[in-house]
Structures are given as C-alpha cells and as structure tokens.
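There are 2 protein chains.
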Amino acid sequence: MKFGIGMFGDSGYDTKTNRFRDPEKRLKEIVEEVIQADTLGIDLFAMGEHHREDYVVSSPETMLAALSTVTKNIILSSGVNVISSADPVKLFQDYAMIDLLSGQRAEIMAGRGSFIESFPLFGQNLNDYNELFAEKLNLLLRLNKEEKINWKGTFRAPLKDQTIFPRPKREIPVWIAVGGTPTSVLRAAQLGLPIMFAIIGGNPRQFLPLVDYYKEQYALAGHAKDKMEIGVHAHTYIGDSRQAVLKAYYPAYSFQMNRIGKERGWSGSFTQSQFEAGMSMQGALYMGSAEEVTEKLINTIELFGLTRYIAHI
Amino acid sequence: MKFGIGMFGDSGYDTKTNRFRDPEKRLKEIVEEVIQADTLGIDLFAMGEHHREDYVVSSPETMLAALSTVTKNIILSSGVNVISSADPVKLFQDYAMIDLLSGQRAEIMAGRGSFIESFPLFGQNLNDYNELFAEKLNLLLRLNKEEKINWKGTFRAPLKDQTIFPRPKREIPVWIAVGGTPTSVLRAAQLGLPIMFAIIGGNPRQFLPLVDYYKEQYALAGHAKDKMEIGVHAHTYIGDSRQAVLKAYYPAYSFQMNRIGKERGWSGSFTQSQFEAGMSMQGALYMGSAEEVTEKLINTIELFGLTRYIAHI
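These protein sequence lines map, in sequence, to chains A and B. So for the first sequence, our numbering puts the first residue at 1; every next one is plus one. So for the second sequence, our numbering puts the first residue at 314; every next one is plus one.
Possibly wrong hints are sitting among the right ones.
[Unchecked claim] For lysine-lysine, the following DSS-like pairs were computed, each having C-alpha atoms within a straight-line distance of at most 27 Å:
1. K315/B with K461/B
2. K482/B with K560/B
3. K25/A with K458/B
4. K262/A with K540/B
5. K145/A with K338/B
[To be verified] Chain B side only, calculated, beta carbon under 7 Å to chain A, not exhaustive:
6. L340
7. H364
8. A379
Hint data in this document are derived by calculation from the structure and do not stem from the laboratory. Even glycine gets a Cβ: it sits at the ideal position worked out from N, Cα and C.
Modelling step: build the complete structure from the supplied sequences, incorporating the hints.
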C-alpha cells in the first residue's frame, strides 16, 4: 500500500485583493511542500495539469522535472496529464528524461481531462474526446514498450522506424485515471493498466461496482493478478477536529466549488451541510480529525482492495 | 559581457565497450556540472536539443526545469530549441513555468536545427524548413508579448482568445541562433532579437560581414541600440598547454567529427592538423592554454562587439 499526496496547484484567490496569488510564490511553495513530503517518507506526489488562471501548473512534467533534482525517494507522477491534447512523443521524451533524472521515479497518470481548456489551446476537437484519448494512449504505450516504432493514427503524424532518445531504463508506469465512466474502466482493465479512481462526490461505496468491474475484466483479459493496482484519489484534509476542519478549510473549498459550479452551470451554491455530508462516513471528503480520516481510509482500502491512496490537498 | 557554458549533452561513446555511456549517469553529471558553474559565478548555461543516441537531452526545457531548483543565479537557456518542430504553445508554457520556478532565469534560444531528427518525429516536412521556423517564431513571440492571443497559421491549429497560464512575470528573452545564413541574420535584426552566432569552423573573422550586416539592419529597423545583444557560441577547451589539449581532447573531438561526417557524407576524416589549425588564432576552436584562449576571446569580443560568449564544452 502506497500513500501519496496530489494537488492541482491551486493559485489561491485572495478575496481581499480580488486577485490570484503570485504564481512564482505558489510554485516555490509547492516545491517546498514536496521536498517536505519526500523527507517525511510519503510514497508519491501527483501533479495536476490545468490551463486556467485558478491553477499554476500547465505542464506537470516541468514541475516533476524541477522536483527530480531536489527529492530522493518520492515517486513523481502526473495527476493527471490530459493526454488527449498532448503529443505522446513529446510527453514520452519528457518523462523519459524525468525518469532518468530522478533515478526511475517518474510515472504518468493519463486522463481524458475533466477541465477541457487544453483542447482549443492545442487544436483538438471536443467531438473527438474519446477517440483522441484512445489513440494517444495507444501511441504512448507503444513508445514505452518498443524501441523502434512504426505507428500510424488519425490525430498525429505517423512514425516510421523512429526511436526516442534518451530511452528510459524501464517501462515508465502508466496509470489510467477515471472519474466514473465504465468504458474508461474497461479500457484500463483490458490493457492491464493500473487504475486510479478520482472520487470527488457522492458516496465512495458507489464506486464499488466499477472497482469490481475492473477486477473482473482485468482477470478476463488474462493479466497477472499480482500486478493489479487500484488506487483512489480523493479530497483530504486532516485537522484537530471536525470543527477545526470546518473552520479552516470549508471557506476555501466552497469558494472554489462555487467558482467552478458557476462556470459549469451547477444549480445553487455549495453549502456547509453538503460539506458536512461529504465529511461523513458516507461522503467523498476524507476530512476531519486524524482518527476519523484514518477510519474512513481503512474502510475504503478494504472495500476496494486498494494498493494506493492519493490525498488530494 | 556575460560568459556562459553550453553543451549538447554528448552521450559519450565508450570505444572499449562499443556502447554509449549510461544516460542516467550522464544526466546526473550535467546537473552536477551546472550546479558547479552556478557556484563559480558563471553567467549562463545553454542546453542543446537532440533526438539521437549520441546526445542525452531531447528536451532542453526538462533539463532546465530540473536545474531551476538546484541553482541560484545562473541563466538557464536552451542552446538551441529546434522551434521548427516544436509546438510554440507547449514550449512557451514550459518556459513560463521554468521562468517562475527559477526566479526569472529562463531564456529560449531558437534555432532552425542543424540536426534534423526532430522533423520525422513530430511530423514536419523538411521542405518547409524555413517557413516552419518563421511561423513558429512568430507565434512564440506573440505568446510572449500578448496576454490574450488570436493567431492563425499554416502549420498549427489557430488560437482564438486564448491566454497561457501561468504567465511569466516578464517577457522571456528569446535569442536567435544562426550558423551563417544571411536570411537568419536579417530576420533576427529586423525583429530586434538578440543574436547568437555558432562558430564551428573556418576563421571567426569570416563572420564579421554577418555581424556588421546584423548591426546595420538592426539600426535600420529602428531598434534601440543600447538593447542590441550579440553573442558567439564556440567549441572551447582550456588545458595546461596546447599539447595537453591535443592529448586530452583531440581524440574525442575527432571521433565525434568523423561519426557525424560519415553520416553527412563529408569527405575524408578529421585530422590532427585540421584540429591544430582550428586552435590557431585564425581557427574556430577556442582551445589551448588559458593565455591563448583568453587572447583569442578578447580578439573576438572586440572584433564583433560581443555582449555574450558561450563556451561550448
């Protein structure tokens, strides 16, 4: 069982000045936090990718490269790379270098993208949302396994007898991050790839059928059971007490939820009672006192047979 | 006047084992060397981009990001980024992050590419060699200057009302690296961009007409003379004596020259007398004893009115 922390690199909106915080300071803060996590023995750090003012990291690989030289043991993962709008060749080159620079600590977590700002930036069409992911993932996996590559697809120039230099010394672990779409779960299972469930709402137990579906399809596809890896990535915040969390974290959380909710047309605004429901044993927020969060975590680990938990902070 | 070191990250071919050296060790060595250069007060480090087994760095930006957290003062530049085959949006995002991570020490040196392995990797056509560079450079400069961007070109998807996040706090310096093509010199001068002459053969004095052409066209285009920057990047190696350099460096240099010469169909093989001619005051190799190299450097600085010298090591 591996425990990690993950973040999106929230810019932090200063309601006093009505401006986002200085991105330079924020990036340095993240570097310091990950150095600290590495020192504390946390297994993994996962860095998100966004292309909007709310978040300061547009390329997880740049951040992970920056961290590769100042950390010793922590796994450096994306969380996630929106591979639908990335170029798998460039992505693989970057991670090959990070893996070599970090002593084989790089990992790619591939997602289709919940935020979709990268599509117009890199010229992708949202109508191809699923096909883009499938094709780019296929190329990424080929580049990872095969030294000499011949490949042809729809969304990118073909490759004829090409090799990526420098090559990593091993296959770089590629995880699939899913929100709750069964076809994504099926794809990960059939490919035998480790899966990360992002739990951001509802009752974690609702994910059980998807986890079971993954296990069943993974076995059906003939992959080695001892290599199966299942993770959960969920909002996590530990305070001295439930009340302390409400006081320290609820305002920032609800502010960002309302901000995004407004953009996406969610009705109503995020309330404290919703937050408290999330904190309960049936909720998606792994928040509260250390005892409460530990109990909830143990439950989830046992329920799903987890091998990895990432605390989104 | 700024002094820097530059490198291509040569893999190092081990003639005993007939294999390239371990890329992981080589990358770590480069990191250590740059930390050392930063400590010694060297102004700048320039990292090359290659996509072949001879060199271990496919993306300068990954290397510069890795260096951003372990250095304090040294400028972190590419040397060069082959922007013809890169995506300017991705490139600018990466450098924006490096600039923020490093406290405004990132620079981009843009080149058309002497090595052309990146073209089939990223799906570019060599027939578009010049147009690709012009268009990508144009987009890169626009992204650098304008917060909200509307852009349309031939080789990449258009951008409509897009902004790159995070934005750097300043315009990232973009240098143009030229080999000896007058149109490249003209382009840099007209755009008012700093220029870096890569001197890899012949007599440095042969570059004087090009340097004068740059100065003339720069002034004609109305750019501020006090902002004009001219650099030279040349092979540099300082030993105890001329003989010591011949012994320590000639074998490795000739090996690589012959390796590339064979690929490119150069006739004959690189000889010691060619190397010695290069080391003379009329040659392109800034090599020899400290006194000899210093004298040659002073000559070149005065001849061209240099503001920057990068020792390619």
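Structure-based check of each hint:
1. Taken as a hint, the K315/B and K461/B pair is broken in the structure, with Cα atoms around 33 Å apart against an allowance of 27 Å.
2. Annotation: proposed proximity of K482/B to K560/B is violated, straight-line Cα distance about 48 Å (limit 27 Å).
3. Pair hint K25/A plus K458/B holds up; C-alpha atoms about 22 Å apart against a cutoff of 27 Å.
4. Pair hint K262/A plus K540/B does not hold up; C-alpha atoms about 46 Å apart against a cutoff of 27 Å.
5. This hinted pair checks out: K145/A and K338/B have alpha carbons roughly 22 Å apart, not beyond 27 Å.
6. Given the 7 Å rule on beta carbons, the hint for L340/B holds: about 5 Å separates it from the nearest Cβ of chain A.
7. Evaluation of the H364/B hint against chain A yields a held restraint, the C-beta minimum of about 6 Å falling below 7 Å.
8. Using the Cβ-Cβ criterion of 7 Å, the hint placing A379/B at the interface with chain A is satisfied: the shortest such distance is roughly 5 Å.
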